[in-house]
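Asker: My request is simple: use the sequences and hints to build the entire structure.
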Amino acid sequence: MLKPLGDRVVIELVESEEKTASGIVLPGTAQEKPQEGKVVAVGAGRVLDNGERVAVEVSVGDRIIFSKYSGTEVKHEGAEFLVLRESDIVAIIG
Amino acid sequence: MLKPLGDRVVIELVESEEKTASGIVLPGTAQEKPQEGKVVAVGAGRVLDNGERVAVEVSVGDRIIFSKYSGTEVKHEGAEFLVLRESDIVAIIG
Amino acid sequence: MLKPLGDRVVIELVESEEKTASGIVLPGTAQEKPQEGKVVAVGAGRVLDNGERVAVEVSVGDRIIFSKYSGTEVKHEGAEFLVLRESDIVAIIG
Amino acid sequence: MLKPLGDRVVIELVESEEKTASGIVLPGTAQEKPQEGKVVAVGAGRVLDNGERVAVEVSVGDRIIFSKYSGTEVKHEGAEFLVLRESDIVAIIG
Amino acid sequence: MLKPLGDRVVIELVESEEKTASGIVLPGTAQEKPQEGKVVAVGAGRVLDNGERVAVEVSVGDRIIFSKYSGTEVKHEGAEFLVLRESDIVAIIG
Amino acid sequence: MLKPLGDRVVIELVESEEKTASGIVLPGTAQEKPQEGKVVAVGAGRVLDNGERVAVEVSVGDRIIFSKYSGTEVKHEGAEFLVLRESDIVAIIG
Amino acid sequence: MLKPLGDRVVIELVESEEKTASGIVLPGTAQEKPQEGKVVAVGAGRVLDNGERVAVEVSVGDRIIFSKYSGTEVKHEGAEFLVLRESDIVAIIG
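Protein chains in written order, with the numbering used here: chain U, 1 to 94; chain P, 101 to 194; chain R, 201 to 294; chain C, 301 to 394; chain F, 401 to 494; chain L, 501 to 594; chain A, 601 to 694.
Just so you know, not all the hints are guaranteed correct.
As the list claims (entries may be wrong) - List time: in silico PhoX-like cross-link candidates among lysine-lysine, alpha-carbon distance up to 20 Å: (1) C:K338 with L:K575; (2) R:K268 with C:K368; (3) A:K668 with F:K475; (4) R:K238 with R:K268.
In short, the hints are calculated from the structure, not lab data.
Answerer: Written out as structure tokens, the structure reads:
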């Protein structure tokens, strides 16, 4: 298990299937770099200048969209993860 | 649905029709890059150093003008959105 | 109408007529890039780290001088405006 | 009249006459870029993160020395001024 | 012994063995630059603007993952260590 | 007289004589750029975010060492001075 | 004597002898740039935004390791010193 520090979040990448206008499903490799992930671990949050910790706005299990080219790629027990700062996450898919 | 984080705002782009001096309507493609959008989701706001959250100054439904080349383009359920930081929004069209 | 966000200010450009030493009036095009404007809308002000908002130091109707090349050009209802940050405004013409 | 914003200061440039070792007076054009000015208007001061305003350390009438290449050149009613940030002023000539 | 300052952490590098899909063990040299370490010493933590010290989130003995190319390499008593800032550590391996 | 602003300090450069190992005195021109000065005027100090002013750590008459290439050169009443920020001063020669 | 300002620390460089695997002692010149020093003077510490001073974490006599290429080289009374910011010191050798 990976326990991220501060406002970091560990995610698994999600290959988003996408249909063309004519209904053909494009596999992940024929698309742009994926920007979707599923949260698998969440840090304790960043510490403000007044000493208070701010809880991260995402929770384990959330599907999120993140900024391209952000984060640190990590291999752990044969699987690949991406560790993001909270500020790299733009939205939760609700 | 997309739920933006922090001071982020999700918008749909708005193609602004524009008439030339002689009254001819120019479609979007003959114009500059659009800078108008309609707000579809608003984050909880950024956290100040005193722990307080500052509500974002725009609301769902607002038509806004944003800085060129800002934001993260996101495809979701077949539609295209732009996720902006509040600081990328320059004005609300009232 | 445009409602600027934060410490932003919407201005109309002012073409400043200028006379040469010999009294000949130079129209705007024969001069340097204008740096004068008239304030048409003012934001609520920026938020300090203590949560307080600081009122912008200019008011609607003020004629101001701003730093060259600053601001975002915006077309709205056929007219052109410039949206500035308060920090781009150097002085009010009193 | 020009009313500078925040911690800005409006100055008139002062051509400093300078004598060579042999006593010859060099006019301004034969010298380096002037760095001296006389204060003609002073802003209300910058706002700290606690909401307090800090009065600018110079007053109208002070002769000051400023950092080369700083400030915004402004023409107003036929005269030329320089608008400086307080931080561009290095010393008052007492 | 090394006593790191502020939010710094001293680690020993850990050569992570990794098996290929076919089960062959690749020694460290055939892999990417290692990003794993074991914490051997922890600083007192960084000081906030309110004077409070924030304890570092890792403890001696923790196995951690850090950002590539971060830290200062230090040789001490024949052994090699890496001194990291807490912000260079992305996760604890739990 | 020059009255420096904020945390600025006015110094006169000091040509440090230096002897070679064999006892020959090298005049200033045969050496590196001098980094020594004598304090002739001290500003009121910088203002913290809580509105408090922090007194500068040097006093008039102190001999100090400063970082190379820092400060603003100023000519005043025929003499040359250097105006430094307090942060450019590394040590007092006691 | 040198009295460093703020969070600065004056050190003497320490030439670290190092043995190769076969036991041969390499003199300093055959090695990398030294990164070890002995603290000879310590400043009063940096001032926080709340006006409080934070004592430097090292004391006179401590042997320390610092980041390569940091600090200001200073010659004083025939000896050479290095003036570091506290943040350039990575660890105390205990």
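Asker: Against this structure, judge whether each hint is valid.
Answerer: Hints and how they fare:
no., hint, in the structure
1, C:K338 with L:K575, "17 Å, holds"
2, R:K268 with C:K368, "18 Å, holds"
3, A:K668 with F:K475, "13 Å, holds"
4, R:K238 with R:K268, "15 Å, holds"
Checked against the numbered hints above, the structure breaks none of them.
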